[in-house]
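Participant: Just so you know, the protein sequences line up as chains S and R, in that order. With the first letter of the first sequence counted as 1, position 213 gets the number 212 in numbering that gives the first Met the number 0; the numbers rise by one all the way through. With the first letter of the second sequence counted as 1, position 322 gets the number 321 in numbering that gives the first Met the number 0; the numbers rise by one all the way through.
Careful: at least some of the hints might be erroneous.
Since the list can't tell identical chains apart, any single copy or any two copies may satisfy a pair.
Mimicking DSS-like on lysine-lysine, the simulated pairs with C-alpha atoms at most 25 angstroms apart in a straight line are [unchecked claim]:
{"hint": "1", "residue 1": "Lys49", "residue 2": "Lys14"}
{"hint": "2", "residue 1": "Lys295", "residue 2": "Lys363"}
{"hint": "3", "residue 1": "Lys162", "residue 2": "Lys201"}
{"hint": "4", "residue 1": "Lys286", "residue 2": "Lys296"}
{"hint": "5", "residue 1": "Lys13", "residue 2": "Lys378"}
{"hint": "6", "residue 1": "Lys97", "residue 2": "Lys304"}
{"hint": "7", "residue 1": "Lys97", "residue 2": "Lys378"}
{"hint": "8", "residue 1": "Lys68", "residue 2": "Lys97"}
{"hint": "9", "residue 1": "Lys201", "residue 2": "Lys277"}
{"hint": "10", "residue 1": "Lys13", "residue 2": "Lys97"}
{"hint": "11", "residue 1": "Lys107", "residue 2": "Lys378"}
{"hint": "12", "residue 1": "Lys295", "residue 2": "Lys277"}
{"hint": "13", "residue 1": "Lys378", "residue 2": "Lys18"}
{"hint": "14", "residue 1": "Lys13", "residue 2": "Lys85"}
{"hint": "15", "residue 1": "Lys85", "residue 2": "Lys277"}
{"hint": "16", "residue 1": "Lys265", "residue 2": "Lys162"}
{"hint": "17", "residue 1": "Lys37", "residue 2": "Lys295"}
Since the hints were made in silico from the structure, they are not lab data.
Protein chains: 2
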Amino acid sequence: MVWYMRVCGWVLRKKEIGKVVIIEVTGSRSKPYVLVFKEEREPQLYAVSKTLDVGTALCFEGEVATEQKSRRGIEYTVSKIEIYSKPASPLPVEVSGKVPSLLDTRIKYRWLLLRNPAEKAIFNIRESVFHAAREYLRRNGFHEVQTPKIVAAGAEGGATLFKVEYFEYQAYLSQSPQLYKQILMNAYPRVYEITPYFRAEKFNTPRHLNESWGIDVEQGFINGVEDVLETLENLVSYIINYVVDNNKEDLETLGVNLERINPPFKRLKFTEVVDILKSEGIEVSEKEDLPDHAEKKLGEIMKSKGHRLYFITGFPWNATGFYYMREDGSYTRKFDLDYEGLEIASGGQREHRYDKLVEALILKGLNPESFQFYLESFKYGIPPHGGFGLGVERLLMKMLNLENVREAILFVRDRTRLVP
Amino acid sequence: MVWYMRVCGWVLRKKEIGKVVIIEVTGSRSKPYVLVFKEEREPQLYAVSKTLDVGTALCFEGEVATEQKSRRGIEYTVSKIEIYSKPASPLPVEVSGKVPSLLDTRIKYRWLLLRNPAEKAIFNIRESVFHAAREYLRRNGFHEVQTPKIVAAGAEGGATLFKVEYFEYQAYLSQSPQLYKQILMNAYPRVYEITPYFRAEKFNTPRHLNESWGIDVEQGFINGVEDVLETLENLVSYIINYVVDNNKEDLETLGVNLERINPPFKRLKFTEVVDILKSEGIEVSEKEDLPDHAEKKLGEIMKSKGHRLYFITGFPWNATGFYYMREDGSYTRKFDLDYEGLEIASGGQREHRYDKLVEALILKGLNPESFQFYLESFKYGIPPHGGFGLGVERLLMKMLNLENVREAILFVRDRTRLVP
Numbered sequence: 000m001v002w003y004m005r006v007c008g009w010v011l012r013k014k015e016i017g018k019v020v021i022i023e024v025t026g027s028r029s030k031p032y033v034l035v036f037k038e039e040r041e042p043q044l045y046a047v048s049k050t051l052d053v054g055t056a057l058c059f060e061g062e063v064a065t066e067q068k069s070r071r072g073i074e075y076t077v078s079k080i081e082i083y084s085k086p087a088s089p090l091p092v093e094v095s096g097k098v099p100s101l102l103d104t105r106i107k108y109r110w111l112l113l114r115n116p117a118e119k120a121i122f123n124i125r126e127s128v129f130h131a132a133r134e135y136l137r138r139n140g141f142h143e144v145q146t147p148k149i150v151a152a153g154a155e156g157g158a159t160l161f162k163v164e165y166f167e168y169q170a171y172l173s174q175s176p177q178l179y180k181q182i183l184m185n186a187y188p189r190v191y192e193i194t195p196y197f198r199a200e201k202f203n204t205p206r207h208l209n210e211s212w213g214i215d216v217e218q219g220f221i222n223g224v225e226d227v228l229e230t231l232e233n234l235v236s237y238i239i240n241y242v243v244d245n246n247k248e249d250l251e252t253l254g255v256n257l258e259r260i261n262p263p264f265k266r267l268k269f270t271e272v273v274d275i276l277k278s279e280g281i282e283v284s285e286k287e288d289l290p291d292h293a294e295k296k297l298g299e300i301m302k303s304k305g306h307r308l309y310f311i312t313g314f315p316w317n318a319t320g321f322y323y324m325r326e327d328g329s330y331t332r333k334f335d336l337d338y339e340g341l342e343i344a345s346g347g348q349r350e351h352r353y354d355k356l357v358e359a360l361i362l363k364g365l366n367p368e369s370f371q372f373y374l375e376s377f378k379y380g381i382p383p384h385g386g387f388g389l390g391v392e393r394l395l396m397k398m399l400n401l402e403n404v405r406e407a408i409l410f411v412r413d414r415t416r417l418v419p
Numbered sequence: 000m001v002w003y004m005r006v007c008g009w010v011l012r013k014k015e016i017g018k019v020v021i022i023e024v025t026g027s028r029s030k031p032y033v034l035v036f037k038e039e040r041e042p043q044l045y046a047v048s049k050t051l052d053v054g055t056a057l058c059f060e061g062e063v064a065t066e067q068k069s070r071r072g073i074e075y076t077v078s079k080i081e082i083y084s085k086p087a088s089p090l091p092v093e094v095s096g097k098v099p100s101l102l103d104t105r106i107k108y109r110w111l112l113l114r115n116p117a118e119k120a121i122f123n124i125r126e127s128v129f130h131a132a133r134e135y136l137r138r139n140g141f142h143e144v145q146t147p148k149i150v151a152a153g154a155e156g157g158a159t160l161f162k163v164e165y166f167e168y169q170a171y172l173s174q175s176p177q178l179y180k181q182i183l184m185n186a187y188p189r190v191y192e193i194t195p196y197f198r199a200e201k202f203n204t205p206r207h208l209n210e211s212w213g214i215d216v217e218q219g220f221i222n223g224v225e226d227v228l229e230t231l232e233n234l235v236s237y238i239i240n241y242v243v244d245n246n247k248e249d250l251e252t253l254g255v256n257l258e259r260i261n262p263p264f265k266r267l268k269f270t271e272v273v274d275i276l277k278s279e280g281i282e283v284s285e286k287e288d289l290p291d292h293a294e295k296k297l298g299e300i301m302k303s304k305g306h307r308l309y310f311i312t313g314f315p316w317n318a319t320g321f322y323y324m325r326e327d328g329s330y331t332r333k334f335d336l337d338y339e340g341l342e343i344a345s346g347g348q349r350e351h352r353y354d355k356l357v358e359a360l361i362l363k364g365l366n367p368e369s370f371q372f373y374l375e376s377f378k379y380g381i382p383p384h385g386g387f388g389l390g391v392e393r394l395l396m397k398m399l400n401l402e403n404v405r406e407a408i409l410f411v412r413d414r415t416r417l418v419p
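Make a model of the complete structure from these sequences and hints.
Facilitator: Below is the structure:
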C-alpha cells in the first residue's frame with residue numbers, strides 16, 4: 000500500500016449537519032477517506048466543502064487525524080483541497096454502496112462502481128494475486144515469458160478457437176500458451192506467463208468467461224507429476240496467504256474471512272473420486288470427465304472433511320488433451336485442482352517423447368502436420384516437464400465467496416458482452 | 000538471480016583433452032556453467048561425462064569452483080549428474096555461438112537458440128525490463144489492471160485492426176488499452192497494464208511487429224502534460240538503470256556498454272524540431288508527422304549534443320488521434336519519446352471535457368455512436384489525465400543496439416510470420 004501526503008479521489012458521500020460538512024472520498028484504497036469540515040474551525044475550506052457534490056474529482060493535502068471517530072473510513076485533517084473535475088450529469092448508478100446493484104449493472108458500470116469500496120476491494124485483491132504469483136514464481140527460478148496470442152493452431156483443437164483474419168492467413172486467438180511454454184522447455188528450465196485465455200465456448204454460466212486470465216506455468220527436469228503438484232499447491236498457498244497478510248482492509252470491506260492455507264493439499268486419484276461419488280449415490284463414468292454436479296458434490300464432501308482445496312489426479316485418457324503423458328492405456332498424468340467444488344487449475348506431466356507424442360496426436364484424431372512446429376521441438380533434448388494453468392477469476396471467486404466469475408474481472412467478455 | 004545448489008540445463012559444448020572432459024552447460028543464466036571432469040580425480044563422473052553429447056538435458060549438483068580458470072563461464076565442482084533427456088537428432092542450428100545465425104534462422108529456432116548465451120542474455124534483460132517497470136509503477140501508486148483484448152472499436156480507427164469473429168458479432172483485437180485505461184480514470188487515480196498490442200499494419204520494417212508488447216500507463220489528476228512526461232522519463236530511467244545494475248553478466252555477454260541515464264530528458268517542441276531539421280536542409284511539414292528519415296536525422300543531431308533520449312512535444316492536430324487535448328487550433332498535447340532517432344513511446348494529455356471530445360471525434364470523421372461506451376465515461380467527474388504506451392521491443396532494441404526489433408521478442412508475428 001502506497002501512502003501519499005497528497006490524496007486524490009472522488010466524492011463518494013456528502014453529509015451536512017448544522018455547520019459541519021462530512022465528505023467521504025474514494026481513491027486507491029477500498030476504505031474511504033473521511034474529511035470533516037467545521038465552519039468555525041476552517042471557514043474557507045468549509046465553504047469549499049459545501050460545493051463538493053458527489054462525483055467531484057479532487058485532491059487534498061492532509062494527514063491522518065489523531066482521533067478516528069468514523070467507522071466507515073480513515074479520517075484525515077485537511078490543509079488544502081484542489082478540485083479537478085465536476086460531474087456533468089448525476090451518476091447513473093449508486094456508487095456509495097447504500098443500495099446494492101444488480102450484476103448486469105455492475106458489469107456495465109464497473110468503471111464507475113469501482114468507486115464503491117466493496118468493488119474496489121475485489122480489484123485490489125486481484126492486483127495482489129498477480130503480484131504474489133510473480134513474487135513466488137520469480138523466487139523459485141521461473142522465467143517470465145510472453146508467448147503469441149495470435150496463433151496458427153490451438154492446444155485444444157478447433158471447436159473453441161476464435162478466428163482472426165491475419166492478413167491473407169487464417170489465424171486464431173490463443174486458448175492457452177501451453178504449446179509455446181512447452182517449446183521453451185528446450186532452453187529454460189522453468190517458465191511462466193500471466194496471460195489472457197481466449198475460448199470460444201458457448202457456455203453462459205456463472206463460472207465461464209470467453210476472455211479470462213491465467214497464471215500459466217511450465218516446469219522442466221521433473222521426476223514425475225508430483226513435482227508439478229507441489230509447485231501449484233505452493234503457489235496457491237503463497238497467493239492466498241499473501242492476500243490474508245496484505246489485504247486485511249479489503250477483506251474487511253468485503254466481510255470475507257479468508258483463512259490461511261498450508262500445503263500439502265489432499266490428492267485424490269480419479270478412480271478414488273469415482274468410488275467416493277458412487278458411494279454417495281452419484282453415478283459417474285470412469286472414462287469421462289466429471290460432470291459439474293458431481294464436481295460440486297465432491298466439493299461438499301471434501302469440505303466436510305476439512306479440505307477446501309484438493310487435487311484430482313490421473314484423469315482418463317478419453318477426457319484429456321493429446322499432450323498428457325499416459326500412465327497406462329486408459330489413464331494419464333493430468334490433474335485438476337479444485338477449490339470447494341470448482342476446478343481452478345488444470346495441468347499435468349506432458350508427453351515429451353517424440354514418438355509417443357505423434358502416436359497420441361493420431362489417436363486423438365489430430366493431424367500431426369498442423370503441429371509440426373510443436374513436434375519439432377521434441378527432438379533436441381527436451382527434458383521431462385509438466386505445468387498448469389491457474390484461472391485467476393475462478394481463484395478470486397472462491398477466495399472471496401463471489402457468486403459469479405464476472406465479479407472478478409474489470410471488463411467482461413462472455414456470450415453476449417463485447418462492450419464496454 | 001536465483002542460485003541453485005542443483006543446476007539444470009543443456010550441454011552446449013563438449014571438449015575432450017587427453018583424460019579430461021570439459022562440458023559447458025547452459026541453463027537460466029546467460030553465462031554457461033563449466034564442468035571439468037578428470038579421469039584420475041573422479042573416474043565415475045568422468046565416464047558419465049564422456050557420454051554427454053551436445054544437447055543433452057541434465058541436472059548437476061555442485062558448487063562454484065574455488066579456482067575459476069574459464070573465461071567463457073562459471074566453473075563448478077560437480078558431485079552428481081542426472082541425465083533427463085538426450086537429443087534424438089543432431090541440432091539443426093549451431094547454438095553455442097561459434098557461428099552466428101541469420102535473423103531468419105534465429106526467429107525460426109529461437110526456442111533452441113535460446114541456449115546460446117547471447118540469445119539468453121537478451122531475454123534475461125527483457126525480463127528485467129518487465130520487472131523494473133512493475134516495480135517503479137507499483138511504488139508510485141499505479142494500479143495494475145487488465146483490459147480486454149477483444150474489443151468492439153479501436154482507438155486508432157479501423158484500418159489497422161485485426162478482425163475477430165466473436166460469435167455472431169464482428170469484433171477486433173485491441174490496438175492499445177488506451178480507451179479502457181481512460182475509462183478507469185473514473186475510479187483509480189493511476190493505472191498501468193503491460194499488454195500485447197495488435198496492429199494490422201502492413202509495414203515490414205526492422206522496427207515493426209504486428210503483435211508487440213507495451214507498458215501502458217494512465218495518470219489522473221494531472222496539472223498538465225508535463226506530469227506525464229515526468230512519469231515516463233522517470234520510468235524509462237528506472238528501467239535502464241535497473242538493467243545496468245542487475246544484468247551486468249548479460250550486458251557483458253552481449254558486449255553492450257549500456258550507460259546509466261538520469262532525468263530530465265530534453266524536451267523539443269514539434270515546431271522547434273521542424274526548424275532544426277530545416278536548418279539541416281531537411282524539408283518537413285509543420286502539419287504532418289515526421290517521416291522516418293527526419294526522425295533518424297534528428298536522432299543523430301540530438302546524440303551529437305549528448306541527448307540519447309528526448310521528447311518531441313506538441314504534435315500537430317492533423318497527425319494525432321482524436322483523443323489528445325488541443326493546445327490551440329493546430330497543435331495538441333501529444334508527445335513522442337525518441338531514443339536515438341526511434342520513437343519508443345507515444346502519449347499525451349487527453350481531452351477529458353465531454354463536449355470537446357465529441358467535437359474532436361466528428362472533426363476526425365469518426366462516428367460518436369461507435370464510441371458511446373467511451374464517451375459516457377466522461378460525464379461523471381473524470382479528472383484531467385494523460386498517459387503513454389512504451390514499446391518494450393523498441394526500448395530493448397535501442398538499449399542493446401539490436402538491428403531489428405524481431406531480436407527482442409521470443410515469437411515473431413509480422414507480415415509473413417504466424418509460426419512458430
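Participant: Could you work out which of the previously given hints the structure breaks and list their numbers from low to high?
Facilitator: Of the numbered hints given earlier, those the structure breaks are 2, 6, 9, 13, 15, 16, 17, listed in rising order.
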